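**Student:** Sequence:
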Amino acid sequence: MTDRPIDTVAVTLGPRSYRVRIGSGLIARAGAEIAPLLRRPRVAVLTEERVAALHLPALEAGLAAEGIALQALALPPGEATKSWAQLARAVEWLLAAEVERGDLVVALGGGVIGDLAGFAAAILRRGVRYVQVPTTLLAQVDSSVGGKTGINTAQGKNLVGAFHQPSLVLADIALLDTLPERDFLAGYAEVVKYGLLGDAAFFAWLEANGPALAAGDRALRQEAVRRSVAMKAGIVARDEHEAGERALLNLGHTFGHALEAATGYSDRLLHGEGVAIGCQLAFELSARLGLCPQEAPSRLAAHLAAMGMKRRLADIPGALPETGDLIALMAQDKKVIEGRLRFVLARDIGAAFVTDAVPPEALHALLDAARAA
1 MTDRPIDTVA VTLGPRSYRV RIGSGLIARA GAEIAPLLRR PRVAVLTEER VAALHLPALE
61 AGLAAEGIAL QALALPPGEA TKSWAQLARA VEWLLAAEVE RGDLVVALGG GVIGDLAGFA
121 AAILRRGVRY VQVPTTLLAQ VDSSVGGKTG INTAQGKNLV GAFHQPSLVL ADIALLDTLP
181 ERDFLAGYAE VVKYGLLGDA AFFAWLEANG PALAAGDRAL RQEAVRRSVA MKAGIVARDE
241 HEAGERALLN LGHTFGHALE AATGYSDRLL HGEGVAIGCQ LAFELSARLG LCPQEAPSRL
301 AAHLAAMGMK RRLADIPGAL PETGDLIALM AQDKKVIEGR LRFVLARDIG AAFVTDAVPP
361 EALHALLDAA RAA
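Take 1 as the starting number for the sequence shown in our numbering and just add one per residue.
Keep in mind that the hints were calculated from the coordinates and are not lab data. No experiment lies behind these values; they were computed from the predicted model shown. Glycine included, C-beta positions come from ideal geometry on N, C-alpha and C. Zero decoy hints are in this set.
Pair ranges (Cβ atoms, derived): (1) 267 with 368: 22 to 30 angstroms; (2) 35 with 321: 46 to 54 angstroms; (3) 101 with 315: 43 to 51 angstroms; (4) 325 with 180: 26 to 34 angstroms.
Please put together the full structure from these sequences, using the hints given.
**Tutor:** Put into structure tokens, the structure is as follows:
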């Protein structure tokens, strides 16, 4: 398999600017990529147990090639790790490892580890730098870029955290070869999201190339990651702290986060699966409100079905709360302003917008219909 050259996408944020490097073999050259950022030849790595078994030796070798030593802490896998308890464990370990303000923390893992490690770096000694080495498709296209860090609480997802931009992101496409199909497709939901929110041509490209991409074509995977990251980088550069446009990146997330909370942040529903179902619900709500043509949610449903992805509430195993309880969970969303739920809806594929003008009865009717389907 011939790998294409490494792509670089810049996230332009003045003194907080950084590069996202995308391509195969980046973990093997991690030392050369990271060395210019170091004040002394050592890093502290936060990872999780499954990822450590798969990729920590390769990262250690890549760093050792440039004379860089590492210490690593492997946390338990799963969304439940984004918790107060594991955050405290990570911070205490970093302090015990004598990580100084001038040192570097490396997040090696998916979105859970990236969010947790980034938050730990943000609060350690009032802020140390960190590098994202995302090992999942979801993390490569979304959570590793943009500086959102945090943990979950009983009240909801990502309600405690900080904006803390990484100093570098190394998205090694070859690492995706080790992802289980379910995890890959969950991450693919975030790729689809970028086409839905602002690039109809990219969505059409995914319709044509999605199956081959899922089957393992690295060049297609790299192009999908590059286009997704480029779109997110542009949005983050224009709206770093989500005062406006960046809220579009939450397409599907108001529904998805509520469904994750309803399923206890368990393996019943992965984050990306919640996003896929949430995007479908957002487009169906848009059509119900007369905002977009009915062909749009139908086209989305057809693509998700062709990819073998979850797209309906019925695809979630086990019982779900009643409609009113789901809406109550949605009311914990970070985008709520003065008690009003804000939704990312769409006028068509590639034309999303943010609104708080959703009649409660329309939301209730949508969820009732989705529960009955």
